[in-house]
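Engineer: Chain by chain, the residues:
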Amino acid sequence: MTISSKPVLISEDKKRVDGRKPDEMRPVRIAVGVLKNANGSALVEYGDTKVLAAVYGPREALPKYMTSPTRATLRVRYHMTSFSTSERKSPAPSRREIELSKVIREALEAIVFSSLFPRTGIDVFIEVLQADGGTRTAGLTAASLALADAGIPLKDLAIGVAVGKVNGVLVLDINELEDEYGEADMPVGIAPNLGEIVLFQLNGVLTREEVKIGLDMAFKAAESIYKTAKEALYNKYIKLVEEVKSQ
Amino acid sequence: MTISSKPVLISEDKKRVDGRKPDEMRPVRIAVGVLKNANGSALVEYGDTKVLAAVYGPREALPKYMTSPTRATLRVRYHMTSFSTSERKSPAPSRREIELSKVIREALEAIVFSSLFPRTGIDVFIEVLQADGGTRTAGLTAASLALADAGIPLKDLAIGVAVGKVNGVLVLDINELEDEYGEADMPVGIAPNLGEIVLFQLNGVLTREEVKIGLDMAFKAAESIYKTAKEALYNKYIKLVEEVKSQ
Amino acid sequence: MTISSKPVLISEDKKRVDGRKPDEMRPVRIAVGVLKNANGSALVEYGDTKVLAAVYGPREALPKYMTSPTRATLRVRYHMTSFSTSERKSPAPSRREIELSKVIREALEAIVFSSLFPRTGIDVFIEVLQADGGTRTAGLTAASLALADAGIPLKDLAIGVAVGKVNGVLVLDINELEDEYGEADMPVGIAPNLGEIVLFQLNGVLTREEVKIGLDMAFKAAESIYKTAKEALYNKYIKLVEEVKSQ
Amino acid sequence: MSITPEREVIPTMQLEQVVKSIKRGERIDGRGLLDYRPISVILSPIKKAEGSALVKLGKTQVIAGVKLELGAPFKDRPNEGVLQVHSEFVPLASPSFEPGPPDENAIEVSRVIDRSLREPRAIKLEELVVEPGRVAWVVYNDIYLIDHDGNITDASMIASMLALATTKMPRLIRTESGQYTLDSTTRETPLPVNLLVATVTIGVVENTLFVDPNLEEEQVADALIVLAVDERGNICGAQKKGEKSVSRKILDSALDIAVEKGLYLVNTMRSILNNPQSYIKPLIEM
Amino acid sequence: MSITPEREVIPTMQLEQVVKSIKRGERIDGRGLLDYRPISVILSPIKKAEGSALVKLGKTQVIAGVKLELGAPFKDRPNEGVLQVHSEFVPLASPSFEPGPPDENAIEVSRVIDRSLREPRAIKLEELVVEPGRVAWVVYNDIYLIDHDGNITDASMIASMLALATTKMPRLIRTESGQYTLDSTTRETPLPVNLLVATVTIGVVENTLFVDPNLEEEQVADALIVLAVDERGNICGAQKKGEKSVSRKILDSALDIAVEKGLYLVNTMRSILNNPQSYIKPLIEM
Amino acid sequence: MSITPEREVIPTMQLEQVVKSIKRGERIDGRGLLDYRPISVILSPIKKAEGSALVKLGKTQVIAGVKLELGAPFKDRPNEGVLQVHSEFVPLASPSFEPGPPDENAIEVSRVIDRSLREPRAIKLEELVVEPGRVAWVVYNDIYLIDHDGNITDASMIASMLALATTKMPRLIRTESGQYTLDSTTRETPLPVNLLVATVTIGVVENTLFVDPNLEEEQVADALIVLAVDERGNICGAQKKGEKSVSRKILDSALDIAVEKGLYLVNTMRSILNNPQSYIKPLIEM
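Note that the protein sequences, when read in sequence, are chains P, A, H, V, F and C.
Taking the numbering used here as reference, the numbering of the first sequence is continuous, increasing by one, and the terminal residue is 277.
Taking the numbering used here as reference, the numbering of the second sequence is continuous, increasing by one, and the terminal residue is 277.
Taking the numbering used here as reference, the numbering of the third sequence is continuous, increasing by one, and the terminal residue is 277.
Taking the numbering used here as reference, the numbering of the fourth sequence is continuous, increasing by one, and the terminal residue is 505.
Taking the numbering used here as reference, the numbering of the fifth sequence is continuous, increasing by one, and the terminal residue is 505.
Taking the numbering used here as reference, the numbering of the sixth sequence is continuous, increasing by one, and the terminal residue is 505.
For the record, the hints were derived by calculation from the structure and aren't laboratory data.
The C-beta atom is built at its ideal place from N, Cα and C for all residues, glycine as well.
Accuracy of the hints is not assured; some may be wrong.
As the list claims (entries may be wrong) - To give an idea of the chain V side of the interface with chain P (calculated C-beta under 10 angstroms), a few residues:
1) N298
2) V301
3) P310
4) P321
5) G452
Claimed, not checked - Listed below are the simulated BS3-like cross-link pairs for lysine-lysine, each with C-alpha atoms no more than 27 angstroms apart in a straight line:
6) C/K275 to A/K119
7) F/K266 to H/K45
8) A/K269 to C/K278
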């Protein structure tokens, strides 16, 4: 890998490296129900970040792990394919992947009505197909949509979006270059209808006020992603209805 | 390791590096019942390739794996001792050993009357003591003899033999040098009485016709190895009878 | 690490590298009941060697391992913290730690009345905080004190002490420098009241007579460590009584 | 250690139906015995990889990605680049897959594909050495199965072959101190490919042979015969799978079928590669 | 893979008591909502480590040890030393810990501490390079939890920070052949530390916030918000934990609390470091 | 972690018989207390190894193989070759062995043998350095137990010692660029051996001592005392095994027995090594 000097992340006319304004998301594309085997699935793209999620369950839990008499057990795996990153990633789970699996599981625990399915397991598998910043937030969005697609009752969707700080400016939905050379990356998971935060991390240094402004930006962006997500769910529903009709 | 240039594998008078004719096996030596603890065992030598196999079972399966209510579960491990190869082999199972364990298990599934022993496990352990080409085929022969020695009802023995192509000539039972510098290695597992194929792999490039000719060679060789194998079983039986008589 | 030439381990006036006489222990410091969660615990120092032991149990054994209908199952782990050694130690268990866990477990089996607690597990966890020679012997002492502190009936304490040979002289309780450059390290575990040996290893070359003399030294030293150990147990008992009174 | 797998529990009625269909020569999904399912392809979906392809074979979906690095050649192949094939059966692809390192089935697929590429010299590894014995290109061909509806091997092979054949190598930079690095932002010369290879997976039910088994057909098959065929019609790999034996006659027929269908698959790939732009499209169509 | 953990079984009566106490603003151990438990410290208990500290936060006990080695810098950071943070939840610390490699909880703690040290540049890693791109100091910050009574993160952070701030580097020797070694018998210059950082763990029970949860309080908390604060009062790390969501209002309050209590912890550490001799004492007092 | 093993379930009657026999001084297989079982040996059965030996001690069978490679010396032993001893209890040797990495029993055997070879300097490691601190011979002594009928340690030690003492080193080649390789087709000078070492395993049942326990005797023994003895009669290794303690008196007696039987085993090995041709024979006699 060639070592480049730190690039200019915000141009004089306040444009970012990919031409976006500070509070502008990358194009968000969402498809639901993309896999045959899984009970629910979703493919989510934030720009060049592409994440696939599948849900199996509620299903009889394997003997390998315990179930609970009062609720469904969630098993969540966040995993990066080996070709998703600039340098090939070893397929073995890294410490980062183990941490993010936990953080995303806890975010999903907050939205799943798990008490409806005692003694079962709900498995959520996330594969990052291409990583260009924001894989955990796109992954959270994909996971909650796959849960919805699987028909599992949810309190709300969980929408992930990262706020960053680059060249002193707070920006929305940072890409890899901004993450690498910027000052902060703050991934936030939001349940837009509940107005609640289900995931919150900070990697970098911000003032207390910057955190609060960043949260405002995240809440606003979550609303807009939420709309796209609902459309994707609706599109699949429409398609299903049409299929039924045409039979 | 010194890098040598490719050796002449077939001399002008059609002899191979070890002096054999193309359709000539290396000396095959077989002994059955060579271990005290195992329910059945066999030591098989194809020239300098020496493989030991042991069978335990049918026995109560360990809690670690599932049993079937309708059949015996086979567990097969093909393993190379660390001193069996030119460069010392790490004792941890390699991807090659994992694949060959599966291939040999499936070959044995085809000859064991496994439905006779529901809810039990039959364990087959193969240790390559010295590797000079044809370890999986000698291993298959040894495994089927160890099963026979353990008194497990078999549809037939499974006899392994490899056909190779070296310097453009199809040859029987290739050794390591021929494997390394030859054009193809085609291991075949044959149930001689049934006339059936239980293992079939090809590592190399052959025409469709060459594959068929190679199969003819393998079937012929299997007949001859089968004779040696039966003698070894008979010898052990004779010895047992003599022991019983002498008591 | 810089390679130093072999140091003089016994000076002309028969003093050792740290000024001790051949049959002199390093200062032994013992505290019992140092942890809140564990049922029993002990911290033992032989000079700069510092070892912490904790006991959980008798407790319901986890499904991961079998219990016995006739006795308690002992699980013993001897482990070195990564900062305990001169070169940082990987936290993964080494072959040495696996062996010493077994050797210490067998020593403890000899003193625990395990038949009093059928179908339970007694877990002994030893962490070496700082290693300066004699970690297994200090660890054994700590483990038996943690068992006593947990109220588990014992036939006797097990006191560990190492005898070494340096510059041709038998010496007591060798430190790391003496271990590294000396001729022999003979760790001994002794049940002082029973007069029995529960652990015995030799790493080095000794004559048969030297072994016997070394054992005499070890038995003598064990008596003295035993006294310190009993005081530590007594101190904790006194403290408890005072606490109860003051309530 | 290889252990007899537990059977998937499928209602017997359904299984019988699958078997009957095959014997009748008309398969449950309406195909003839020697018909492949529709093949749909997206080329280069993963821009971060030097090459990639998503292949749908019926409802089976596979993504292959090719990553290039510099490394040391194998000791016994000082004058060649290194090819590494890995296959991951990630748990999102099937209810029967568990997370963890590749099991024997995933390892078998990757090794069959590895040999089928290596033996006919599908990749010109001899052109991928930088400094003999010291530095060579390492070609990682990573295969992710994302939806499993049978015949993983053939789908994985098509995806691998297309990913490799569309791989563009980044620029190699030699520093003044004689070290090598890659400028991973560039995509320059194509990876040197000698020829195309396909695998043909043939199911056996009693004496009936059929190609491209779907998941249910795999579950009723006595055996599967995987044969790799290169564009010259040679057999360049073989693997019998499954717990039953096959007769000599069956194997001979399978060889004939393999050559025919192998060339069909090679031609399908060739026509895609002749017109790659039509196959570069977004993963999500809005 | 992350799996919903089994709950510890605590008598419900007791749990209810813990919740009631928090809501009443007077905690079961008598503390106010924003009070930390007593902090007791032994500096440099492990002489074999270049730096070490034992910290008791109430009954939670943690030892951090710092080992220094020479190694290669990270490829993308050729001009910096390497910081490695590892946390081990050894089974002697709690009846619920099992032997084995670090689980997701131990990994999370070490990664939160790693980021909270790295991002505000608490250690001057740029001063720890020996030969750019080739040789650098590797700083291992190893954290052993030895008794678990809640709030592992804050206790681990205090122990790490004190161990790092009292670390003395051994002499670096350059041999004639241009190799480097360390004279591990020496302890010379202090490890270059830029600033002090604390983490503040805030528990949430319904709408009540409280700091430094003990084990029982952790078990009833809806969520935990961990916020790292540097000595300038900036937020330099954050991690929401737990299975329930938090409102925007709660998070805003948590940020305010974190800055206040973070500076309190930084000051506590500062006063210890200003008078280190008082904190160097034997592990066992006779 | 070491866990109390489950007992093999043997009918109690039979166990009692074994104990009674020992106490009576006449063992179940007719031996006296201080008699070893017959030792039968095949030298060099594995030509691919630089040295090898198959040893049958009664019905216990062990193969040791010695492989030589070039590698780096240990950092703290720059002037010595490297000895690596590994013992594998492969599952074909006993119904109670499972596949997997070596367990504590296999590790213990290999470490006892390693120390017993290393401490008396049985191998002249100082003659096995090629370039101090950089290149040295690495001697892998790999022990495969293939049939387990008790006293694995002594059988493994005899096999190891015979394999090492008959090892022939391949030719070392120094290339023009100063690299070293081995010509693995050659077998030239013998591995330099200083002296022979045996281990003597002594069983204890109450106050009775006996050597070379078979499997059933091991199961009833209160403890096993393994003592390594070199050809000079020195004690060069020791390991007490088993879950019961031994008295000082027992240990003293064991030391005396060990020296006597150790020299017996050394002499047995010496006579084999003096006449190696008689012990080079095929594994399978037809």
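Engineer: Checking each numbered hint in turn, tell me which of them this model violates, lowest number first.
Structural biologist: 1, 2 and 5
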